[in-house]
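A.B. asks: Sequence:
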Amino acid sequence: MPSLTGLSAGVKNYLLITANYWSFTLTDGALRMLVLLHFHQLGYTPIQLALLFVFYEIFGVITNLVGGWLGARIGLNRTMNLGLGLQVLALAMLTLPPEWLTLIWVMAAQALSGIAKDLNKMSAKSAIKLLLPENAQGRLYAWVAFLTGSKNALKGVGFFLGALLLSLWGFSGAIWAMLVLLLLVWGASLWLLREELGRTKHQPKFKEIFSNSSAINWLSAARLFLFAARDVWFVIALPVFLKATLGWDFWQVGAFMALWVIGYGAVQALAPQVTQRVSGQLPQRAAAVGWGLALAIWPALIALGLLADWPAGQVLVVGLLIFGVFFAVNSSVHSYLIVRYARSEGVSLDVGFYYMANAMGRLCGTLLSGWVFQVYGLVACLWVSTALVLVAALLALALPSEGQLESTHTTHN
Numbered sequence: 001m002p003s004l005t006g007l008s009a010g011v012k013n014y015l016l017i018t019a020n021y022w023s024f025t026l027t028d029g030a031l032r033m034l035v036l037l038h039f040h041q042l043g044y045t046p047i048q049l050a051l052l053f054v055f056y057e058i059f060g061v062i063t064n065l066v067g068g069w070l071g072a073r074i075g076l077n078r079t080m081n082l083g084l085g086l087q088v089l090a091l092a093m094l095t096l097p098p099e100w101l102t103l104i105w106v107m108a109a110q111a112l113s114g115i116a117k118d119l120n121k122m123s124a125k126s127a128i129k130l131l132l133p134e135n136a137q138g139r140l141y142a143w144v145a146f147l148t149g150s151k152n153a154l155k156g157v158g159f160f161l162g163a164l165l166l167s168l169w170g171f172s173g174a175i176w177a178m179l180v181l182l183l184l185v186w187g188a189s190l191w192l193l194r195e196e197l198g199r200t201k202h203q204p205k206f207k208e209i210f211s212n213s214s215a216i217n218w219l220s221a222a223r224l225f226l227f228a229a230r231d232v233w234f235v236i237a238l239p240v241f242l243k244a245t246l247g248w249d250f251w252q253v254g255a256f257m258a259l260w261v262i263g264y265g266a267v268q269a270l271a272p273q274v275t276q277r278v279s280g281q282l283p284q285r286a287a288a289v290g291w292g293l294a295l296a297i298w299p300a301l302i303a304l305g306l307l308a309d310w311p312a313g314q315v316l317v318v319g320l321l322i323f324g325v326f327f328a329v330n331s332s333v334h335s336y337l338i339v340r341y342a343r344s345e346g347v348s349l350d351v352g353f354y355y356m357a358n359a360m361g362r363l364c365g366t367l368l369s370g371w372v373f374q375v376y377g378l379v380a381c382l383w384v385s386t387a388l389v390l391v392a393a394l395l396a397l398a399l400p401s402e403g404q405l406e407s408t409h410t411t412h413n
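The sequence shown begins at 1 in the working numbering and counts up one residue at a time.
It is worth saying that the hints were derived from the structure and are not from the lab.
C-beta: ideal position from N, C-alpha, C; glycine also.
Some hints could be false.
[To be verified] Between beta-carbon pairs, the in silico distance windows are:
(1) T95 / G187: 17 to 25 Å
(2) L103 / T245: 21 to 29 Å
(3) A19 / Q273: 18 to 26 Å
(4) L89 / W169: 16 to 24 Å
(5) W310 / G85: 43 to 51 Å
(6) G377 / E99: 32 to 40 Å
(7) T102 / L184: 24 to 32 Å
(8) A286 / A387: 18 to 26 Å
(9) Q281 / D249: 17 to 25 Å
Turn these sequences into a full structure, and let the hints steer you where they fit.
C.D. replies: Structural data, given as structure tokens:
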């Protein structure tokens, strides 16, 4: 790639990691929408649809714990490429004849996809910490925000792509198209991303996968509740409600989900400008608490609008777009803080533990989304979301101040 030859090693690796992460995310978003809409079309109930993604989330929890340890031992470049390879295998499993695609088989393919996604994400987020010096916190915030925001924007494109491919080519044709694309990306990544990243000088013991940092533990707990609050309505309840209750077509459901995630990603990428304009400084404890409390307002207002029999489509579209803006800033603040809190030596262990909590939140949100929606409806999902966001904001109160953090870093680093 001649265009990369004049760049510094840090910038070159950042671009390679970002391109790798983008490619993976595109197929991951498309696969989720394909599976959700295809099996809803086959008559699966909301709870059955939730079960399709249970292994995806369960193995995401396990992968983030083990993946951080693995990245410290063999290098983040290898764990990132391993994630791509496993996603290729997951897609290949879904190319079998339709009669072989049983609930258990699809759950197994989703399990592999969950392992792949979190290996890839943990590797990308951890590697950024290693590409910048400790005193470049503003630049670190910008790089993390851009990587996270652009990834989520592409995940939104993936949602739309999955719905579009399902409409045009059917389930099997869409899977084959993504499989060929990802095979090409995997080959390029194996060739280009070779530099050792994140491999620690000492080989960490397996027991070190659990964090002994109170800052990381509190932030991880807040992250769990934050993402459960999103997925309790986003994963199952919203797309099924739009399709079954409001009568939207597949492409309309996919387009709205895509636009929501694209907008969410765009705001994440711009979060450094937003938060610094509000507070004039890099995010600390107060930002995590304040933005969390502001977020909790919106699912409650949407629920009240639906209870008041306002036009459901308009309430959901407008309300959830605003929710997405506040959620994006919250997520970006958390993403910066974990990289800020993590140790330079063994960064993947701290980041892996944090994203384990992230995956646990998605798992809880997914299960709640199927059960609460089927038993109580979408409004109940939104009230549960409000409560979970409030818990996340309250947990952030236990995060350290900047002065406490500096003394901790001096001790650990």
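A.B. asks: Taking the numbered hints from earlier one at a time, note which ones the structure violates and give those numbers from smallest to largest.
C.D. replies: 9
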